[in-house]
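**Student:** All chains, please: the whole structure from these sequences, using the hints.
2 protein chains.
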Amino acid sequence: MRLSRYFLPVLKETPAEAQIVSHRLMLRAGMIKQASAGIYSWLPLGYRVLRRIEQIVHEEQQRAGHVPMLMPTLQSAELWQESGRYDAYGPEMLRIKDRHERDLLYGPTNEELITDIFRSYVGSYKQLPLTLYHIQWKFRDEIRPRFGVMRGREFLMKDGYNFDLTREDALHAYNRHLVSYLRTYERMGLQAIPMRAESGPIGGDDTHEFLVLAETGESEVFYDSEITELKFGDREIDYDSVEQCQSVLEEFTSRYARTDDTHEEAVFEERVPEERRRRARGIEVGQIFYFGTKYSEPMGATVQGPDGKPVPVHMGSHGIGVSRLLGAIIEASHDDNGIIWPEGVTPFHCGIVNLKQGDAEADGACEKLEAALMAKGLEPLYDDRDERAGAKFATMDLIGLPWRITVGPRGLKNGVVELTSRRTGESEELTPEAAVERVAEIYAPHL
Amino acid sequence: MRLSRYFLPVLKETPAEAQIVSHRLMLRAGMIKQASAGIYSWLPLGYRVLRRIEQIVHEEQQRAGHVPMLMPTLQSAELWQESGRYDAYGPEMLRIKDRHERDLLYGPTNEELITDIFRSYVGSYKQLPLTLYHIQWKFRDEIRPRFGVMRGREFLMKDGYNFDLTREDALHAYNRHLVSYLRTYERMGLQAIPMRAESGPIGGDDTHEFLVLAETGESEVFYDSEITELKFGDREIDYDSVEQCQSVLEEFTSRYARTDDTHEEAVFEERVPEERRRRARGIEVGQIFYFGTKYSEPMGATVQGPDGKPVPVHMGSHGIGVSRLLGAIIEASHDDNGIIWPEGVTPFHCGIVNLKQGDAEADGACEKLEAALMAKGLEPLYDDRDERAGAKFATMDLIGLPWRITVGPRGLKNGVVELTSRRTGESEELTPEAAVERVAEIYAPHL
Numbered sequence: 059m060r061l062s063r064y065f066l067p068v069l070k071e072t073p074a075e076a077q078i079v080s081h082r083l084m085l086r087a088g089m090i091k092q093a094s095a096g097i098y099s100w101l102p103l104g105y106r107v108l109r110r111i112e113q114i115v116h117e118e119q120q121r122a123g124h125v126p127m128l129m130p131t132l133q134s135a136e137l138w139q140e141s142g143r144y145d146a147y148g149p150e151m152l153r154i155k156d157r158h159e160r161d162l163l164y165g166p167t168n169e170e171l172i173t174d175i176f177r178s179y180v181g182s183y184k185q186l187p188l189t190l191y192h193i194q195w196k197f198r199d200e201i202r203p204r205f206g207v208m209r210g211r212e213f214l215m216k217d218g219y220n221f222d223l224t225r226e227d228a229l230h231a232y233n234r235h236l237v238s239y240l241r242t243y244e245r246m247g248l249q250a251i252p253m254r255a256e257s258g259p260i261g262g263d264d265t266h267e268f269l270v271l272a273e274t275g276e277s278e279v280f281y282d283s284e285i286t287e288l289k290f291g292d293r294e295i296d297y298d299s300v301e302q303c304q305s306v307l308e309e310f311t312s313r314y315a316r317t318d319d320t321h322e323e324a325v326f327e328e329r330v331p332e333e334r335r336r337r338a339r340g341i342e343v344g345q346i347f348y349f350g351t352k353y354s355e356p357m358g359a360t361v362q363g364p365d366g367k368p369v370p371v372h373m374g375s376h377g378i379g380v381s382r383l384l385g386a387i388i389e390a391s392h393d394d395n396g397i398i399w400p401e402g403v404t405p406f407h408c409g410i411v412n413l414k415q416g417d418a419e420a421d422g423a424c425e426k427l428e429a430a431l432m433a434k435g436l437e438p439l440y441d442d443r444d445e446r447a448g449a450k451f452a453t454m455d456l457i458g459l460p461w462r463i464t465v466g467p468r469g470l471k472n473g474v475v476e477l478t479s480r481r482t483g484e485s486e487e488l489t490p491e492a493a494v495e496r497v498a499e500i501y502a503p504h505l
Numbered sequence: 059m060r061l062s063r064y065f066l067p068v069l070k071e072t073p074a075e076a077q078i079v080s081h082r083l084m085l086r087a088g089m090i091k092q093a094s095a096g097i098y099s100w101l102p103l104g105y106r107v108l109r110r111i112e113q114i115v116h117e118e119q120q121r122a123g124h125v126p127m128l129m130p131t132l133q134s135a136e137l138w139q140e141s142g143r144y145d146a147y148g149p150e151m152l153r154i155k156d157r158h159e160r161d162l163l164y165g166p167t168n169e170e171l172i173t174d175i176f177r178s179y180v181g182s183y184k185q186l187p188l189t190l191y192h193i194q195w196k197f198r199d200e201i202r203p204r205f206g207v208m209r210g211r212e213f214l215m216k217d218g219y220n221f222d223l224t225r226e227d228a229l230h231a232y233n234r235h236l237v238s239y240l241r242t243y244e245r246m247g248l249q250a251i252p253m254r255a256e257s258g259p260i261g262g263d264d265t266h267e268f269l270v271l272a273e274t275g276e277s278e279v280f281y282d283s284e285i286t287e288l289k290f291g292d293r294e295i296d297y298d299s300v301e302q303c304q305s306v307l308e309e310f311t312s313r314y315a316r317t318d319d320t321h322e323e324a325v326f327e328e329r330v331p332e333e334r335r336r337r338a339r340g341i342e343v344g345q346i347f348y349f350g351t352k353y354s355e356p357m358g359a360t361v362q363g364p365d366g367k368p369v370p371v372h373m374g375s376h377g378i379g380v381s382r383l384l385g386a387i388i389e390a391s392h393d394d395n396g397i398i399w400p401e402g403v404t405p406f407h408c409g410i411v412n413l414k415q416g417d418a419e420a421d422g423a424c425e426k427l428e429a430a431l432m433a434k435g436l437e438p439l440y441d442d443r444d445e446r447a448g449a450k451f452a453t454m455d456l457i458g459l460p461w462r463i464t465v466g467p468r469g470l471k472n473g474v475v476e477l478t479s480r481r482t483g484e485s486e487e488l489t490p491e492a493a494v495e496r497v498a499e500i501y502a503p504h505l
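Top line first, the protein sequences correspond to chains A and B. If you count by the working numbering, then the first sequence holds residues 59 to 505, one letter each, in order. If you count by the working numbering, then the second sequence holds residues 59 to 505, one letter each, in order.
Among the hints, a few may not be true.
As the list makes no split between identical chains, a pair holds if one copy fits it or if it spans any two.
Unchecked claim - DSBU-like cross-link-like pairs, simulated, lysine-lysine; straight-line CA separation at most 30 angstroms:
| # | residue 1 | residue 2 |
| --- | --- | --- |
| 1 | LYS70 | LYS367 |
| 2 | LYS155 | LYS91 |
| 3 | LYS426 | LYS184 |
| 4 | LYS367 | LYS91 |
| 5 | LYS70 | LYS414 |
| 6 | LYS184 | LYS414 |
| 7 | LYS70 | LYS184 |
| 8 | LYS184 | LYS91 |
| 9 | LYS434 | LYS367 |
| 10 | LYS91 | LYS70 |
| 11 | LYS155 | LYS471 |
| 12 | LYS155 | LYS414 |
Calculated from the structure, these hints are not laboratory results.
**Tutor:** Here's what the structure looks like:
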């Protein structure tokens, strides 16, 4: 992409309304614009990151055997009356009347709708296990939306629902989600720690939240510091294997890690040696629930079991805050100059800065670099504007592409360009061909 | 994908509520389920087609140089009051009050919001031309939603907006959209004829609708039969070239083709020889508009021109009915047994039918075929259920995959499988390797 043909409205001033760094940087980097309170337009750069995150979530969900579909944003009130949540949900549910005065609502979550779909079509235990998921816009009418996309009203979420014959099968689905989430977040460059949590309005006995450590987090968290040394890495998991999923779950959840909702100071002190006790703040980026027959019983989602008798299915629901993740990633990865995208989610793989726009040799070298990177399946952003080098560097730092290639007449005389890491600031002189090879190698695990 | 692990709830009976064939087939093939009047859940098979169509639209938009972004579904009423459309839009606009009694609406289109974004950031003619687009859910509160996704209330649309300094530049953007739409629809296996139309509530002087011929179309259309012989084909277009876009536009719009809104019988008879005059019905699948300064003037979307003076930008908007296209494609491509997907949008590239599930040799051959197709970048659907051959064939015919490979013990004895075209019903015996090669060749232009 040529910057001269792109729409990247970076701001010089820090917007006054933004209280936390991710919100400030998303506004300054031209990623989002508020449309109304807690509702955002995703400008081209923000949209690119949103799509990358969505793509990782899709890939990891499908790797775990979950089936994608799409439920609508608006739902009829009837199903929520059936489950009893229509009145219980309170003012965070956006209630709507259509032209015929029928009650609709903007879905904050989809347990009722998916249960209705399930009961309409599935009649036998032979069609189980089944996990359906979608990535769709949701709405929660927060009383005080703030922190940009971190606590917006219209937000993008992946929510998935498992249907199983027995409690044991459903607990495997729970474990499978936990494992798959670990891999999902790590691909985004995040360490998200599963912590025992409370279930809130979704209900159920078992639930874990995934928290990213960040000073601006909304939750206080308490954990054993050994947890932060765990890596999912590139291990291969058979998601059908009860043992494998159980063993990963135990590895990642056996140590103390809780939010303020479930924290017990006495247990913390008893189980964790003092030097490993950490009290910090965290951002919730996902949550998994097992809630058994909470919805299937009142809504009649039963299947015929092996003995021919009808049994209500065991269910769970599992969410990832897709749009909120942009904020969480920035909170966890930035410096004074701007964002530092992890390679897995960066909007462009590599910036190209032309120090002498209009110079035939520099322009030609930049165009060749751009083409060579694209031939490797990479998406570069070429700053071809007629701007000072300082302004170009500042923009690149602000928008946070992890790698930058700088092209200038002086280097070209010696046959080299400069490859710079956004994270370390370290630069290396390389031939253009070698720079392309290096960048392609770096991204190989992410393409 | 193994059918035993998928969620494909096909129906045996024809649902009584469906009046047109695409609606019937989408329900029977387990593609959609109504959530409430005019609002649908996209079951896994329907979702796959929706994503393929979306992907083609994205690719063709970006090929034409248009920049993707994403605006929210809910908008504040204020911008619509500014443009004067809040009162004018009528009861089809879904109006919402949030918990603070602020007026929101579910966007039926986005001229106001995109104009607001533009005016907030763009100040100079040097940042033009610019075309931004998004693919987002919209809502129109139709008084009588019907025909499934063809006239739903919540629907997915691509809408794009061009911003140009002059009327001439904006007309080039208009032409560029027309050309890019021709290519887009052809990739979906559709012939969509651009017809001069009326502008309705969007406004403006110039507008073309794209219509797919189908008996169930909502519009009466009148055209010169020569038009149906035009093909966009694989011509290469430089979308920056005014001449090239103009010349394609002339080729595809110089012959008489109008909807009932703009039809003039006398002109039709004068310009088209009787044997080429066609009166038929059509489904609208897209529309492009040039409306100049209709929004930029009242909303103050001006840029500094080359002479330093502020000028309102010239705009147009351009829509493709993404979810509606599924219905249109089925209306145009089906038979008594079910859907016949064009290769460009099929949910799976190839079906695999195992005639003797549980037979070690047949199972092994199917698994090898599945793996070989996937290694070619194709997505097969392997019917591995323990079902009669007849039921498996009926399901494959209903869901409309263009190609099917049938594997049975008798053929395997002779080292062959059967490759069948859904469209022609013709079969060919081939070695498994040759069948994979043939299918890969067929899809090469679509991957």
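**Student:** Take the hints in turn and mark each one as holding or not.
**Tutor:** Hints, one by one, checked against the model:
no., hint, result
1, LYS70 x LYS367, "between (67 angstroms within a copy, 24 angstroms between copies)"
2, LYS155 x LYS91, "both (28 angstroms within a copy, 22 angstroms between copies)"
3, LYS426 x LYS184, "between (57 angstroms within a copy, 25 angstroms between copies)"
4, LYS367 x LYS91, "between (55 angstroms within a copy, 27 angstroms between copies)"
5, LYS70 x LYS414, "within (23 angstroms within a copy, 68 angstroms between copies)"
6, LYS184 x LYS414, "between (67 angstroms within a copy, 19 angstroms between copies)"
7, LYS70 x LYS184, "between (60 angstroms within a copy, 19 angstroms between copies)"
8, LYS184 x LYS91, "between (48 angstroms within a copy, 22 angstroms between copies)"
9, LYS434 x LYS367, "neither (57 angstroms within a copy, 45 angstroms between copies)"
10, LYS91 x LYS70, "within (15 angstroms within a copy, 49 angstroms between copies)"
11, LYS155 x LYS471, "neither (69 angstroms within a copy, 64 angstroms between copies)"
12, LYS155 x LYS414, "neither (59 angstroms within a copy, 53 angstroms between copies)"
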